[in-house]
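Number of protein chains: 2
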Amino acid sequence: MKRSFLLMTAFTAVMASAQVAEDFKPATTNQEGKEYPMVNSQRMVRAQISAPDAKSVKLDIGGVKYDLVKNAEGVWTGESAPQDEGFHYYQLNIDGASVPDPGSKYYYGASRWGSGIDIPAADEEFYTVKNVPQGSVNEVYYWSSVTESMRHGYIYLPAEYYSNPTKKFPVLYLQHGMGENETGWSAQGKTGIIMDNLIAAGKAVPFIIFMDNGLNARRPGEQPMGFGGPRPGGPRPQGMPQGGPRPGGPQGGPQGGPQGGRPRMGGAGFAQMARRMGGAFEEVLIKDIIPMVEKNYRVIADTEHRAMAGLSMGGMQTHGITLNNPTTFAYVGIFSGGTISPDELTDAADFKKTNKVLFMSCGGKETGMAEGDNSVVKVAADLKAIGINAHSYISPETAHEWQTWRRSLYQFAQLIFK
Amino acid sequence: MKRSFLLMTAFTAVMASAQVAEDFKPATTNQEGKEYPMVNSQRMVRAQISAPDAKSVKLDIGGVKYDLVKNAEGVWTGESAPQDEGFHYYQLNIDGASVPDPGSKYYYGASRWGSGIDIPAADEEFYTVKNVPQGSVNEVYYWSSVTESMRHGYIYLPAEYYSNPTKKFPVLYLQHGMGENETGWSAQGKTGIIMDNLIAAGKAVPFIIFMDNGLNARRPGEQPMGFGGPRPGGPRPQGMPQGGPRPGGPQGGPQGGPQGGRPRMGGAGFAQMARRMGGAFEEVLIKDIIPMVEKNYRVIADTEHRAMAGLSMGGMQTHGITLNNPTTFAYVGIFSGGTISPDELTDAADFKKTNKVLFMSCGGKETGMAEGDNSVVKVAADLKAIGINAHSYISPETAHEWQTWRRSLYQFAQLIFK
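Same order as they appear, the protein sequences are chains D and E.
Here the first sequence stands for residues 1 to 418, numbered as in the numbering used here.
Here the second sequence stands for residues 1 to 418, numbered as in the numbering used here.
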């Protein structure tokens, strides 16, 4: 009995060491010169930090906290389970304090600036910087008549905007998810890189992209926006239904599991909610952003050269705003943000007449959207039957995360303004 | 005896509480919605973090570590001594681990992305966003023939670049300090905001600014650059002499005291060192960046419309590069980076003929540069005597930090291209 226990222990130890491939490399999202965090070929994340007086250090990623182990010098090291390809928010926890990892670059998501890590992906070529004609992502402040304040956004201008100084371009208005901000699409979303590569390859026509903050638009005196529109004087919204990555625990940590807690995105109640999603942001977009972009940049200022898309909450905003303003946008993209159903379009004659592409996508691991009666594939087929040029896309093996949305932008950009 | 001791204790306690003004407000550099860190009217910083299981939490700012105190809920709170006006790097230390404060936004300095805090300043108006015509700060990737890689910089385009689509503009090449990168001038330096405000007020002519990374330029196979030029195959440089903010302790923390450890910036040895400062970056600037900017943007591509400036190490690079390329730049700015002395210009006929403004500045607390034989004021007077249009500026009550450099840019921008 004792011998078999010893054998089993030895066997387990061998198995455990065989399970971790020792080919860890610094993550591409690390700060320059920082060795940790690392990723191996199994897509496990290895974190390390010096915390000589700490009792407990954990790596908090994908909704799971992994214990790190301390060495004689007070340096803690440990690995996560394999992660999905693409970008994930994460953090460290030191004796109960949730903090950014000093080794990573920082990204805005889960309602905080904090650590992010990119897990190498088989298709990462499409969002890798290449020596092709380069557009630029520009930081812009503008005056909002709605919020009566200066606001902050980013605009992508394609290379040809600079090299062909008389040409005018179409514009895509592109929105982030819950808990994120106007930096998401250009930073972790890699929007500029994806577009430069697509345009250089002749797969997309050159167009401008404006990326704003869809959460912080408030009329003077108004409280922060909740779902279903602003609630002046009401409590700070608790983020239900969850869109983008959400707090995983009491400290407001990174995203939990890929699906848990997010309601089914379909049905009449959902459609009504989506229509109310715009709130003050809808007004800012229609009254301030679009006129500002069309005044300050060389833009083809008509419906057929205007698109709107967004991820998760930004997809629901796209849903609501494009239906509420049915003759404003000819191209509509909803990434992991549910669907626009044929039922909603029964009386939407203007939208049906105006729309040239309605694109809906999600990650293959987003069970509510990737399969069943409300799946993007099924709804797109139903929309085609009523004459809408609907497209669907399912990102292989990804969840409600940025790899799904990078791929969605890559697909959507090839369909519009053509 | 006992009574007088009690009285004294009571007196001390009253004094201590009288010393801290309880008018703390969230810092302007906080993440949206985050209450801490806070600053009071005495310019003290109050930090707070939940770390229920920690034994020790410290606020590490200005080269001093301040102990925080834990309450019954495991939340730690504490204050620093009064800080100088303007921007400072800082961090928290939790049981020996140096980490970013989850409440602040993050900035690149002291060779890491980490916490920064802006202390309100009497003159902050000049770097506050206003409803004036807005230029934009644009993120740009470009191919470098020197490093044989894609490189990353930022370009500021004034509002008129967009509104007046045939006009061409002068260009300033503007460099950061040691331990910083290409994001410094636009983020903590507030370059775009300062320029938009100056141009709107008619105090500066509209010009373009290109901001690159002066530390990471390496020829293929070369090691990271040290002072005195690249040292292929040599050890990673330890950063002597220190320019920008520098590690305060064994964990590589934020800046220490304003002066300690930085050598006197003057004399023949210094001049020789400055001439060797360019390294691979000099080649990247001359062969790649300037031609790229002059090809891709509407630029007046001649010497009289080209300026170079930099802070600390970037000022020393400006010193070296403008003397090594004496007919390339008509305007030269050196902020907290020493001086160009009349001795150095004895044989520099081309430089003397080309130069239209030579501007040198420092903070009033930078004793080596603010006073004495090598002070910016004294050297500027000596340069005027040999026919150079030299200007000096001393930023009141600031040290080797960003408030000095924001003010220096504000002054320098009003002198050039006029």
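To be clear, the hints were calculated from the coordinates, so they are not data collected in a lab.
Do not rely on the hints blindly, as some may be mistaken.
One copy or two, it doesn't matter: identical chains are merged, so the pair holds either way.
What the hints assert, rightly or not - Calculated cross-link-like contacts (lysine-lysine; reagent style BS3-like; alpha-carbon spacing at most 27 Å): (1) LYS287 with LYS130; (2) LYS356 with LYS384; (3) LYS356 with LYS25; (4) LYS130 with LYS295; (5) LYS353 with LYS55; (6) LYS418 with LYS356.
How the hints compare with the structure:
1. Taking the closest pair of Cα atoms, LYS287 and LYS130 come within 27 Å of each other only across two copies (20 Å); inside a single copy the shortest separation is 37 Å, beyond that limit.
2. Proximity of LYS356 and LYS384 under a CA criterion of 27 Å is satisfied intra-copy only: 12 Å inside one chain copy versus 67 Å between copies.
3. In this assembly of identical chains, LYS356 and LYS25 lie within 27 Å of each other by CA distance neither inside one copy nor across copies; the values are 45 Å within and 50 Å between.
4. In this homomeric assembly, LYS130 and LYS295 come within 27 Å of each other (Cα to Cα) only across copies, at 19 Å, whereas the closest approach inside a single copy is 32 Å.
5. Taking the closest pair of Cα atoms, LYS353 and LYS55 never come within 27 Å of each other, the shortest separation being 64 Å inside a single copy and 66 Å across copies.
6. Taking CA atoms no more than 27 Å apart as the test, LYS418 paired with LYS356 passes inside one copy only; the shortest distance there is 10 Å, against 52 Å between copies.
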